[in-house]
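Student: One-letter residues, chain by chain:
Number of protein chains: 2
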Amino acid sequence: MDRHKALVFAYTKTALTPPKELGSVVIRLKKYSNTLRDALEDSRYTRGESSVHLPFDKTIARAVEDMVAATVSRGLKYVIVIGIGGSNLGARAVYEALYGKNGARVPLGKPQLLFLDTADPHLYEAVNRELKAHVKHTGEVLINLISKSGNTTESVANFEVLYAELKRRLGTALRNRVVVTTDEGSALWNAAQAHRFKTLSMPRQVGGRFSMFSAVGLFPLAAVGIDIATLLKGARDITPACMSADVHKNFACASAGVLYVHRRKGLRTYNQFFFNPDLETLGAWSSQLMAESIGKERNDKGKIVHEGILPLVSIGSTHLHSLSQLYFGGPRLMVTTFIYAPNTAPSTRVPRTVILKHLKGIAGVPLSGIMGALYGGVKRSYQKHGLPFMELVLPALDVYSMGQYMQMKLFEIMYLAHMLGVNAFDQPNVEDYKQESRQLLQARR
Amino acid sequence: MDRHKALVFAYTKTALTPPKELGSVVIRLKKYSNTLRDALEDSRYTRGESSVHLPFDKTIARAVEDMVAATVSRGLKYVIVIGIGGSNLGARAVYEALYGKNGARVPLGKPQLLFLDTADPHLYEAVNRELKAHVKHTGEVLINLISKSGNTTESVANFEVLYAELKRRLGTALRNRVVVTTDEGSALWNAAQAHRFKTLSMPRQVGGRFSMFSAVGLFPLAAVGIDIATLLKGARDITPACMSADVHKNFACASAGVLYVHRRKGLRTYNQFFFNPDLETLGAWSSQLMAESIGKERNDKGKIVHEGILPLVSIGSTHLHSLSQLYFGGPRLMVTTFIYAPNTAPSTRVPRTVILKHLKGIAGVPLSGIMGALYGGVKRSYQKHGLPFMELVLPALDVYSMGQYMQMKLFEIMYLAHMLGVNAFDQPNVEDYKQESRQLLQARR
Numbered sequence: 277m278d279r280h281k282a283l284v285f286a287y288t289k290t291a292l293t294p295p296k297e298l299g300s301v302v303i304r305l306k307k308y309s310n311t312l313r314d315a316l317e318d319s320r321y322t323r324g325e326s327s328v329h330l331p332f333d334k335t336i337a338r339a340v341e342d343m344v345a346a347t348v349s350r351g352l353k354y355v356i357v358i359g360i361g362g363s364n365l366g367a368r369a370v371y372e373a374l375y376g377k378n379g380a381r382v383p384l385g386k387p388q389l390l391f392l393d394t395a396d397p398h399l400y401e402a403v404n405r406e407l408k409a410h411v412k413h414t415g416e417v418l419i420n421l422i423s424k425s426g427n428t429t430e431s432v433a434n435f436e437v438l439y440a441e442l443k444r445r446l447g448t449a450l451r452n453r454v455v456v457t458t459d460e461g462s463a464l465w466n467a468a469q470a471h472r473f474k475t476l477s478m479p480r481q482v483g484g485r486f487s488m489f490s491a492v493g494l495f496p497l498a499a500v501g502i503d504i505a506t507l508l509k510g511a512r513d514i515t516p517a518c519m520s521a522d523v524h525k526n527f528a529c530a531s532a533g534v535l536y537v538h539r540r541k542g543l544r545t546y547n548q549f550f551f552n553p554d555l556e557t558l559g560a561w562s563s564q565l566m567a568e569s570i571g572k573e574r575n576d577k578g579k580i581v582h583e584g585i586l587p588l589v590s591i592g593s594t595h596l597h598s599l600s601q602l603y604f605g606g607p608r609l610m611v612t613t614f615i616y617a618p619n620t621a622p623s624t625r626v627p628r629t630v631i632l633k634h635l636k637g638i639a640g641v642p643l644s645g646i647m648g649a650l651y652g653g654v655k656r657s658y659q660k661h662g663l664p665f666m667e668l669v670l671p672a673l674d675v676y677s678m679g680q681y682m683q684m685k686l687f688e689i690m691y692l693a694h695m696l697g698v699n700a701f702d703q704p705n706v707e708d709y710k711q712e713s714r715q716l717l718q719a720r721r
Numbered sequence: 277m278d279r280h281k282a283l284v285f286a287y288t289k290t291a292l293t294p295p296k297e298l299g300s301v302v303i304r305l306k307k308y309s310n311t312l313r314d315a316l317e318d319s320r321y322t323r324g325e326s327s328v329h330l331p332f333d334k335t336i337a338r339a340v341e342d343m344v345a346a347t348v349s350r351g352l353k354y355v356i357v358i359g360i361g362g363s364n365l366g367a368r369a370v371y372e373a374l375y376g377k378n379g380a381r382v383p384l385g386k387p388q389l390l391f392l393d394t395a396d397p398h399l400y401e402a403v404n405r406e407l408k409a410h411v412k413h414t415g416e417v418l419i420n421l422i423s424k425s426g427n428t429t430e431s432v433a434n435f436e437v438l439y440a441e442l443k444r445r446l447g448t449a450l451r452n453r454v455v456v457t458t459d460e461g462s463a464l465w466n467a468a469q470a471h472r473f474k475t476l477s478m479p480r481q482v483g484g485r486f487s488m489f490s491a492v493g494l495f496p497l498a499a500v501g502i503d504i505a506t507l508l509k510g511a512r513d514i515t516p517a518c519m520s521a522d523v524h525k526n527f528a529c530a531s532a533g534v535l536y537v538h539r540r541k542g543l544r545t546y547n548q549f550f551f552n553p554d555l556e557t558l559g560a561w562s563s564q565l566m567a568e569s570i571g572k573e574r575n576d577k578g579k580i581v582h583e584g585i586l587p588l589v590s591i592g593s594t595h596l597h598s599l600s601q602l603y604f605g606g607p608r609l610m611v612t613t614f615i616y617a618p619n620t621a622p623s624t625r626v627p628r629t630v631i632l633k634h635l636k637g638i639a640g641v642p643l644s645g646i647m648g649a650l651y652g653g654v655k656r657s658y659q660k661h662g663l664p665f666m667e668l669v670l671p672a673l674d675v676y677s678m679g680q681y682m683q684m685k686l687f688e689i690m691y692l693a694h695m696l697g698v699n700a701f702d703q704p705n706v707e708d709y710k711q712e713s714r715q716l717l718q719a720r721r
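Residue numbers (our numbering), protein chains in the order written: chain C, 277 to 721; chain X, 277 to 721.
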């Protein structure tokens with residue numbers, strides 16, 4: 277893997293899953309491995325699983341790079357991503373892992389991403405306030421409207437509001453500063469083409485939550501100068517391990533197996549416990565993946581099962597001070613994965629001579645060392661309490677790690693859905709509220 | 277209630293709790309009502325319940341106002357709150373409800389709150405970057421270190437790092453710009469007094485998660501000019517309803533009763549579904565309250581029970597696009613409260629003439645109207661699916677509503693803990709990981 281480092285995964289001593297039980301689960305995946313092997317080569321994206329091919333797809337990467345070449349020049353200050361759920365979480369997760377929440381660590385002079393997801397006047401106001409203060413001409417701004425179906429009410433509404441406002445201020449050349457990412461041939465696609473907006477397509481069989489490595493996730497990142505080639509390389513490099521028949525090499529399969537074995541014993545909640553606060557949105561991304569892929573009323577034989585595991589995102593050490601009493605003392609229906617990138621610059625340190633001398637042990641310690649001690653202490657305490665957990669150490673908060681992590685999670689959820697006997701790729705129960713909402717909207721008139 | 281408006285609570289038709297069942301639960305609370313009535317008058321804070329007296333405590337309010345008078349003058353730009361869990365969530369919840377995440381809507385020229393909670397070098401860097409850019413002398417900054425026990429590793433470490441950095445830049449007069457909030461007589465209290473830092477105390481019997489209306493929550497808000505008098509008035513005004521023997525007038529008791537009845541039938545998760553994204557931290561605050569107060573290994577008779585309900589915070593409409601498939605289709609172990617303040621300025625509207633004409637029904641509609649339709653649609657869909665829920669409508673995103681909401685939640689959790697037979701006021705299972713972490717820290721040397 278060149279100079280890039282691999283993720284480190286550990287679970288055998290702590291997941292409280294007898295090797296025999298896990299082995300008997302994993303061995304039944306042989307046939308499904310063939311499906312995944314086919315999907316890996318499926319450049320025509322004929323099935324749900326085919327999203328694992330995306331990091332290998334040079335056509336998509338090239339289309340994204342071409343669009344960047346056509347839209348990004350030196351003066352660019354903001355790329356506004358208008359999208360919700362699978363249309364923004366992937367890009368946002370990577371962006372925040374690299375640059376912090378709200379891009380707090382974006383190097384000065386580099387373009388920033390702004391995100392408009394829900395239809396909240398306050399959210400819109402915050403974005404607009406930033407744009408008003410800093411954007412004077414169209415070259416400084418780029419709008420990326422992302423909606424797979426093209427019918428996402430919040431996203432289309434946010435786009436209409438923002439476009440009208442910016443056009444009023446910056447003029448009709450704004451038309452050239454819009455990139456619409458949607459299914460080719462969707463109503464939005466046609467509307468975009470009619471307005472001569474630029475368009476990027478996504479493979480129709482790839483669902484929103486699986487679309488990180490398509491133009492959906494790649495374009496916004498590339499537009500602000502993030503190295504998507506290395507992101508994709510991370511995803512490609514971890515793929516053989518995710519296909520390995522040796523469960524000890526295959527994190528995706530092992531993790532799914534652990535969750536499955538516990539699920540059969542009553543597991544309700546999967547706690548993704550991140551010890552880098554900037555990974556919170558990465559947790560939101562994988563939470564969608566789990567919630568929508570295995571939260572199912574019916575199994576793949578049509579039987580009503582109400583399957584599902586609630587994905588939870590905890591942040592160390594913040595949530596130790598608000599939720600851990602419940603984790604340690606409460607119902608034992610939770611499996612945890614601790615995720616930690618210990619090597620984070622900068623190495624800010626507590627001074628060697630402290631003022632408040634009553635607290636021992638912190639003088640001269642870097643903040644990351646304090647976090648490390650909390651991380652270690654929590655793991656020890658989980659073991660003592662008999663709470664099952666897995667561990668994933670990221671070598672760095674960089675694109676290569678993110679690529680590995682996200683591709684691994686895509687495999688993991690496919691394995692888990694297969695074990696549980698549910699269709700990972702549909703979301704049949706979300707249409708109803710949308711229908712009701714549309715009726716209420718139309719009743720306003 | 278003067279010109280201020282009351283919260284509106286609804287549940288009878290949607291909580292799927294037979295009135296008889298609920299009634300039989302509530303009637304058993306008579307004795308506990310006497311305890312609460314005593315607590316309400318308990319200006320010496322002799323028991324856990326006495327936190328309900330805080331909004332009536334003029335001594336505390338005056339101490340806070342006096343400290344504001346002593347520390348805040350026109351040039352103040354930033355108040356940095358160093359605290360974690362119960363030491364920052366309350367103030368942060370109110371601040372963000374009023375001004376948005378990261379204070380995005382703080383009026384220009386008004387001071388801002390910055391929060392340092394966990395020991396993360398990136399979090400510290402983001403705060404320090406802001407201070408470096410905008411703070412040139414000590415009058416522009418105020419540090420409020422908050423730790424009930426005084427021994428919170430992350431908070432003391434963050435304080436040491438920040439204090440050293442600012443002192444180096446701004447000089448020794450920084451000493452006058454520190455307010456330490458802690459238990460009187462704690463080791464931190466003594467260290468603070470030795471350094472002639474200013475101090476604010478909190479009642480010893482009031483736990484961190486119950487301390488919102490003490491100096492812990494009030495001082496940071498008052499220091500940036502937020503009207504704590506009206507916040508406290510909101511809390512006081514809702515108190516009689518929270519003591520009412522008529523369950524239809526008593527939201528706190530009714531909500532606790534609904535949760536209790538469902539808990540006895542297998543409830544695992546309490547979903548607090550906010551349709552104003554800026555209330556996310558309010559959800560984090562009440563989540564701590566629930567997790568630590570009823571997540572208990574042992575009941576109040578010492579028997580091992582592993583009691584607890586997992587508090588979840590969902591944000592409308594964001595999480596509809598990532599988690600609602602699980603809510604609608606997955607395991608039926610969840611009760612939801614929808615919380616919504618529909619009347620939010622500004623009234624940004626979709627233009628009457630839209631560009632993307634394929635999506636019907638949005639032209640001319642304000643963004644808040646779109647959110648309202650989604651809110652209504654989700655409620656209808658929950659009813660159709662037979663998913664139990666309650667509803668709480670906030671008249672506005674203002675301090676008066678926040679005061680009502682938070683005091684109501686304090687009562688609610690005390691009722692619920694009493695029904696479940698657990699001690700709401702301890703957190704016996706969080707010491708172990710702290711001990712382990714301290715050992716690891718000391719082993720570094």
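Careful: at least some of the hints might be erroneous.
All copies of an identical chain are treated as equivalent in the list; a pair is satisfied when it fits inside any one copy or across any two copies.
[To be verified] Below are the EDC-like pairs computed for lysine to aspartate or glutamate, each with C-alpha atoms no more than 20 Å apart in a straight line: (1) K386 to E401; (2) K377 to E406; (3) K710 to D522; (4) K525 to E667; (5) K660 to E573; (6) K541 to E583; (7) K710 to E317; (8) K525 to E297; (9) K541 to E406; (10) K289 to E707; (11) K281 to E297; (12) K377 to E401; (13) K296 to D702; (14) K636 to E707; (15) K443 to D318; (16) K660 to E707; (17) K633 to E460; (18) K334 to E416; (19) K408 to E460; (20) K579 to E556; (21) K281 to D708; (22) K443 to E416; (23) K296 to D674; (24) K377 to E556; (25) K577 to E297; (26) K386 to E406; (27) K412 to D503; (28) K289 to E667; (29) K334 to E297.
Think of the hints as simulated: they come from the structure by calculation, not from any bench.
Student: None of the hints should be skipped; say for each whether it holds.
Tutor: Hints and how they fare:
no. : hint         : verdict
1   : K386 to E401 : between (23 Å within a copy, 18 Å between copies)
2   : K377 to E406 : both (15 Å within a copy, 14 Å between copies)
3   : K710 to D522 : neither (43 Å within a copy, 37 Å between copies)
4   : K525 to E667 : within (14 Å within a copy, 48 Å between copies)
5   : K660 to E573 : between (36 Å within a copy, 15 Å between copies)
6   : K541 to E583 : both (13 Å within a copy, 18 Å between copies)
7   : K710 to E317 : neither (35 Å within a copy, 49 Å between copies)
8   : K525 to E297 : within (17 Å within a copy, 53 Å between copies)
9   : K541 to E406 : neither (50 Å within a copy, 49 Å between copies)
10  : K289 to E707 : neither (43 Å within a copy, 24 Å between copies)
11  : K281 to E297 : neither (31 Å within a copy, 59 Å between copies)
12  : K377 to E401 : both (18 Å within a copy, 12 Å between copies)
13  : K296 to D702 : neither (32 Å within a copy, 40 Å between copies)
14  : K636 to E707 : between (56 Å within a copy, 16 Å between copies)
15  : K443 to D318 : neither (42 Å within a copy, 61 Å between copies)
16  : K660 to E707 : between (45 Å within a copy, 13 Å between copies)
17  : K633 to E460 : between (64 Å within a copy, 17 Å between copies)
18  : K334 to E416 : neither (29 Å within a copy, 53 Å between copies)
19  : K408 to E460 : neither (33 Å within a copy, 48 Å between copies)
20  : K579 to E556 : neither (35 Å within a copy, 36 Å between copies)
21  : K281 to D708 : neither (45 Å within a copy, 33 Å between copies)
22  : K443 to E416 : within (13 Å within a copy, 39 Å between copies)
23  : K296 to D674 : neither (36 Å within a copy, 57 Å between copies)
24  : K377 to E556 : both (9 Å within a copy, 15 Å between copies)
25  : K577 to E297 : neither (25 Å within a copy, 38 Å between copies)
26  : K386 to E406 : both (15 Å within a copy, 17 Å between copies)
27  : K412 to D503 : neither (28 Å within a copy, 37 Å between copies)
28  : K289 to E667 : within (11 Å within a copy, 45 Å between copies)
29  : K334 to E297 : neither (40 Å within a copy, 62 Å between copies)
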